[in-house]
Every structure is written in structure tokens, then in C-alpha cells.
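Visitor: Each chain, letter by letter, is given below.
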Amino acid sequence: MLKPVSDIAPDRAEPLLEVRDLARTFGARDGRAAGLNVIEGLSLAVTEGEFVTVAGPSGSGKSTLLNMIAQTDRPTAGTIRLRGKTIMDASTSTLTPGWHCQIGYVTQEDNLLPWRRLEENILLPLRAQRRLDDAARARAAALIDTAGLAGFERFYPHELSGGMRKRASLVRTLAYDPPVILMDEPFGALDAQTRTELHADLLRLWSLRRKTIIFVTHDITEAIALGDRVLVLSRAPARVIDEFRVDLPRPRDIDGLIAAPGFARLYESIRQALARQAPRRA
Amino acid sequence: MKPRTGIVVAGRVLLGAGLVGLWTLAHRLLGDQFVAGLDDIAARLWEIGASGVLVRDIGVTLLEAGIGMVVGGAAGFALPFLIARVPGLEVALRPFIAAAMGVPKLALAPLLILWFGIGLLSKVVFVALVVFFLLFFSTLAGIRSADGRLLAVARVLGLHELMLLREVMLPTTLPFVFASLKVALPRAISAAVVAEFVAADTGLGSYIQNAMSQADTVGVFTGVIVVTVVVVVVNAVLDRTQKRAMSWRHSAIGGF
Numbered sequence: 009m010l011k012p013v014s015d016i017a018p019d020r021a022e023p024l025l026e027v028r029d030l031a032r033t034f035g036a037r038d039g040r041a042a043g044l045n046v047i048e049g050l051s052l053a054v055t056e057g058e059f060v061t062v063a064g065p066s067g068s069g070k071s072t073l074l075n076m077i078a079q080t081d082r083p084t085a086g087t088i089r090l091r092g093k094t095i096m097d098a099s100t101s102t103l104t105p106g107w108h109c110q111i112g113y114v115t116q117e118d119n120l121l122p123w124r125r126l127e128e129n130i131l132l133p134l135r136a137q138r139r140l141d142d143a144a145r146a147r148a149a150a151l152i153d154t155a156g157l158a159g160f161e162r163f164y165p166h167e168l169s170g171g172m173r174k175r176a177s178l179v180r181t182l183a184y185d186p187p188v189i190l191m192d193e194p195f196g197a198l199d200a201q202t203r204t205e206l207h208a209d210l211l212r213l214w215s216l217r218r219k220t221i222i223f224v225t226h227d228i229t230e231a232i233a234l235g236d237r238v239l240v241l242s243r244a245p246a247r248v249i250d251e252f253r254v255d256l257p258r259p260r261d262i263d264g265l266i267a268a269p270g271f272a273r274l275y276e277s278i279r280q281a282l283a284r285q286a287p288r289r290a
Numbered sequence: 006m007k008p009r010t011g012i013v014v015a016g017r018v019l020l021g022a023g024l025v026g027l028w029t030l031a032h033r034l035l036g037d038q039f040v041a042g043l044d045d046i047a048a049r050l051w052e053i054g055a056s057g058v059l060v061r062d063i064g065v066t067l068l069e070a071g072i073g074m075v076v077g078g079a080a081g082f083a084l085p086f087l088i089a090r091v092p093g094l095e096v097a098l099r100p101f102i103a104a105a106m107g108v109p110k111l112a113l114a115p116l117l118i119l120w121f122g123i124g125l126l127s128k129v130v131f132v133a134l135v136v137f138f139l140l141f142f143s144t145l146a147g148i149r150s151a152d153g154r155l156l157a158v159a160r161v162l163g164l165h166e167l168m169l170l171r172e173v174m175l176p177t178t179l180p181f182v183f184a185s186l187k188v189a190l191p192r193a194i195s196a197a198v199v200a201e202f203v204a205a206d207t208g209l210g211s212y213i214q215n216a217m218s219q220a221d222t223v224g225v226f227t228g229v230i231v232v233t234v235v236v237v238v239v240n241a242v243l244d245r246t247q248k249r250a251m252s253w254r255h256s257a258i259g260g261f
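Line order of the protein sequences matches chains U and L.
If you count by my numbering, then the first sequence holds residues 9 to 290, one letter each, in order.
If you count by my numbering, then the second sequence holds residues 6 to 261, one letter each, in order.
Calculated directly from the structure, the hints in this document are not laboratory data.
A virtual CB, placed ideally from N, CA and C, is assigned to each residue, including glycine.
Fair warning: there could be bad hints in the mix.
[Said to hold, decoys possible] Some, not all, of what chain U presents toward chain L, calculated at C-beta under 8 Å:
#1 Thr80
#2 Gly106
#3 Gln110
#4 Ala146
#5 Tyr275
[Stated by the list, open to error] Which residues of chain U face chain L? A partial, calculated answer using Cβ under 8 Å:
#6 Ala78
#7 Pro105
#8 Cys109
#9 Thr115
#10 Asn119
#11 Trp123
#12 Glu127
#13 Ala136
#14 Gln137
#15 Leu140
#16 Ala143
#17 Ala144
#18 Phe160
#19 Tyr164
#20 Ile228
[As the list claims (entries may be wrong)] With beta-carbon atoms standing in for the labels, derived distance ranges:
#21 L/Pro92 - U/Gln137: 39 to 45 Å
#22 L/Leu167 - U/Ala98: 28 to 34 Å
#23 L/Phe101 - U/Gly57: 56 to 62 Å
#24 U/Gln137 - L/Ala89: 52 to 58 Å
#25 L/Ala89 - U/Ala272: 38 to 44 Å
#26 L/Gly64 - U/Ala150: 48 to 54 Å
#27 U/Ala149 - L/Gly64: 49 to 55 Å
#28 L/Phe101 - U/Asp29: 46 to 52 Å
#29 L/Ala146 - U/Ala149: 36 to 42 Å
#30 L/Ala241 - U/Gln110: 47 to 53 Å
All chains should be built: construct the whole structure from the sequences, respecting the hints.
Guide: Set out below in C-alpha cells:
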């Protein structure tokens, strides 16, 4: 049920996305003498169709990591490879956000356009990529339905609840079908009940098309509930310090998860790995 | 909570009656020379309305203000977008723009008359100058207010420059543009009137100026009232346009 990954036979599959020796230093400013090392020597690899969750203490550079993979931010050092091709290293001069729509990014805020209706928001990337044909519309409509948003297509974002906006933001990315999807605590600001519903929704949507997902969170239960594998980050400067395989069968029953055999042990191991990262007090 | 319509209407009628009363009182106390009587103003309005002078002068002033508004407004709106595209350009231009804004535009009116004559052109240039800076600075502020995260996500979603402009930047700047239009439109009309004070043979400003030079108090008051009404009407039209352009804020369910 639970083994450190080093004990498991190494995965022979070619990784879809690979991050090697990534580093990010924020410049010295505001009276700060030296630059701030947020990430240093971070490496990870994700295979096709894998759902990887990344757990780390808050302030451990989780968002920064995803920003660099999505190319909305630039690493100080290191390499990011997609299907074996280097898409970003320290010599890359211009950022290509989303790497030609190959990497989707669901952020903490829903980032819907407030002046566009729900359906227009969801179809926007397809329209921008000139892929808005009948098949794409049908797929978007099916996703809207699965996410429980049917009937709200003509609503503006401010007329929807927080949970619905999160679903819409998720569906917007799923609808244009990028091979890799990054998620940055997308359900962070919601109440527990809505979160659980959205976990179930996400897993249902994911099971339709097994996208490769990197999901960042500080919530251990969430990390276990969703992931095939949980990576644990150190406190800043962040790197991967531990790795746990989640062998809970799919489809998972989110509500009954806590009672599932092995959950408690896995939870405790991850909690201890994170606790070792607790800030040292002088 | 919205106040009841009946109370609003009653309040307005009461306030209007009070103002008319105050005006009449001032007229009685100070005499014809200082405050024109409302009956005289009404008679004058009827007179210039019948002779066609009223329509002609409103037309001339609105034409000057309108063309100047379009030219100055378009330039003031478009330029910030061009400047924002070139990193560092805004910083480089800043002192020059601040200096240009510091020039008292009213003081330029005589110079503009000298350069562009007493006809339409000098007024249009004057109005355009006044409007340009108002639009320029608020559009620039609107562009700066754009949500960086939203823009980054829009890029990730595959939006190209032109679509970013249409889907993100224009709607972001729209409230700023309308806010400055609300200031700029009355200013444009005032600017046209002031330019006509300096030198002109038609237009509301020239009507007021002529009346003043003949010690025609009724004429001055009539002119000022006409200008005021024109500004109020133009503002009402702008309000309607704004509601339509930003309808996403005023939708029926849960709107504010």
C-alpha cells in the first residue's frame, strides 16, 4: 500500500514532462540584501496520463514552480522538457505561456473574464486557437453538463457561486484539451463541502480523458484523494524531498476515503515528511 | 434600498420651485442689470428660436466641440496603447507629457486663433487639446490597472495580441474611458464656448460675448442657460451609451 518510491521498481515509461534542477531566485530589493532562493535543485518527472499531486508547506514556492512550467515566469537555472524536447532553460529568451496550448493552467483565482458570459468564457480558448467547430462545441457542452453547469451558460461570472466559477475555470481548460494541466490549489478558497464535491467532479472529469495533471496543494487529504503519486516539497528553497505512491483504487469514493484501508498510514507518513519541514525556531 | 419614485419626484419639484423663487428674489433685489428676469429670458429664447439664431449657434458650437472631441479623444485613447507596447517609452515621455499638461490651455486660445484663424479649425484644435489630456491619462491609468494574472492566464489559453486587446485590455479600460468622457464632454463644450469668446462670429460663445459687449444681461443669461441645457442633454446621452456598453455589470440576476 505504502512504500517510498525508491523501493518500487523504477518507472520505465518515458516521462511526458520533466523538470530538472530547476531554480528560481527573486532579485534583491526592498532593503533585502541578497536575493531570495525560492526553488533550488528541484527535479520531477510525470508520465502520460498520471495525476501527480505536489504537497508543500505554504510559501514553499509551489505556485512559482507551476508558473515556470506554464512559462508565465522564468527559471534562474534548470531545464523543463516536454516529450523529451527542451521547452525552457536558462538560455530561453522569450516566454511562451502555455507552450502553444500544450500546457493548461488552472490558477488559484478562477480568472474568468468578468465581462463574458460563462459559455463565452469556456469557449474562449477554442475560439482563440481557431478550433471552435461543432465537435468542440459538443465536447464543451458535455463538459459543462458533467460539471453541473448546465443552465448557467448565459450567466456572468459575478452571478455564479465561488464553486461554480471554479468549475467553469476547470472546464475552460479541459475543453481545449491540453496534454498537460497544471492546477494551483484551485479549490483553496472554498468551504469543505464544496471542496469535496469539486474533488469528485474533478476525478469524474479526469476519468473521461486521462490528462496528465500536476496538482499543487498544502492539504494532505486533497493530495491523497486526487493523486496517483504525492510529491512532498521542502521549505524554501524548495525541492522534492519525498515521494509516495497512492495505491487507492479508482474510481475513488471521496466521501469514504478517510475510512479506506491504508489512508491513515499514508496520511501520517506525508504529515511527518511535511512536519520535518517545520520552520526551525531560534 | 431604493427611495420611492414619488418622493424623488416631489423632492425635485420642490427644489426646482425653490431655485425659481430664489432667482426671482435676486432679480427683484438686484435689478435687470445684474440678474435677468426669467420672463425676459423666456421671451429672448422664443425670439432667437424663431429667428433661427438659436439652432445655428447650438449647431456651430456642437460641431466644434464634436469634431474636437473625436479627434482629441481618439488620439488620447489610442496613444496610451501604443506607448504601453514599447517598454520604457512611457517613462521617457512622462516629463514631456506632464509639461504639456501643465500649459494652461485657456491661455493658448489667442495663439490658436492667430495660427488657425477665427473659423472652425482654431476651435477644433483647442477642444482637441483639452480633451486629449483627459482621455490620455485615464486610459493610461486603465491600462496600468489591468490584472497581470488574468493577462498571463489569457496568454496560456492561447489568446494572441489582438485578442488580448479586444477581450482583456479594452473591457479593462472601458470604465476609465467613460469616467473621463463624463468630464471631457462638458469640458469640450466649454472649451468651444471659450474659444468663441476670443474670436468668432457665430456659436453660443460668440452670442454670449456679443450680448456682454452690448450690456445685454438678458442675452448673457440666455446664452449660459442654453449652454447648460446642451451639456445636460449630452451627458444624458453618454449615460445611456455607458449602460449599454457595460451591460455585464448591470445584469438582472445578482447585479449591482
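Visitor: Would you mind marking each hint as holding or not holding in the structure?
Guide: Structure-based check of each hint:
1. Thr80: Holds - the Cβ of U/Thr80 comes within 8 Å of chain L, reaching about 4 Å at its closest.
2. Gly106: holds, 4 Å
3. Gln110: violated, 10 Å
4. Ala146: violated, 20 Å
5. Tyr275: violated, 32 Å
6. Ala78: U/Ala78 check passes; min Cβ-Cβ to chain L is 6 Å, inside 8 Å.
7. Pro105: The hint holds - U/Pro105 has a Cβ within 8 Å of chain L, the shortest such distance being about 4 Å.
8. Cys109: holds, 5 Å
9. Thr115: holds, 6 Å
10. Asn119: holds, 4 Å
11. Trp123: This hint holds: U/Trp123 lies near chain L, its Cβ roughly 4 Å from the closest one there, short of 8 Å.
12. Glu127: violated, 14 Å
13. Ala136: Hint holds; U/Ala136 Cβ to chain L Cβ min 4 Å, cut 8 Å.
14. Gln137: Nearest chain L Cβ about 5 Å off; hint holds.
15. Leu140: violated, 12 Å
16. Ala143: violated, 18 Å
17. Ala144: Given a least distance of 13 Å, the restraint on U/Ala144 is violated.
18. Phe160: Given a least distance of 10 Å, the restraint on U/Phe160 is violated.
19. Tyr164: holds, 5 Å
20. Ile228: violated, 27 Å
21. L/Pro92 - U/Gln137: 39 to 45 Å: Cβ of L/Pro92 to Cβ of U/Gln137: about 27 Å, so the range 39 to 45 Å is violated.
22. L/Leu167 - U/Ala98: 28 to 34 Å: holds, 31 Å
23. L/Phe101 - U/Gly57: 56 to 62 Å: holds, 58 Å
24. U/Gln137 - L/Ala89: 52 to 58 Å: violated, 25 Å
25. L/Ala89 - U/Ala272: 38 to 44 Å: This hint is violated: roughly 55 Å between Cβ atoms.
26. L/Gly64 - U/Ala150: 48 to 54 Å: For L/Gly64 and U/Ala150 the Cβ distance comes to about 59 Å; the hint is violated.
27. U/Ala149 - L/Gly64: 49 to 55 Å: holds, 54 Å
28. L/Phe101 - U/Asp29: 46 to 52 Å: For U/Asp29 against L/Phe101, whose Cβ atoms are near 47 Å apart, the range 46 to 52 Å holds.
29. L/Ala146 - U/Ala149: 36 to 42 Å: The hint (36 to 42 Å, Cβ to Cβ) holds, given that L/Ala146 and U/Ala149 are roughly 40 Å apart.
30. L/Ala241 - U/Gln110: 47 to 53 Å: With a Cβ separation near 51 Å, L/Ala241 and U/Gln110 satisfy 47 to 53 Å, so the hint holds.
Consistency with the previously given hints fails for numbers 3, 4, 5, 12, 15, 16, 17, 18, 20, 21, 24, 25, 26, ordered from lowest to highest.
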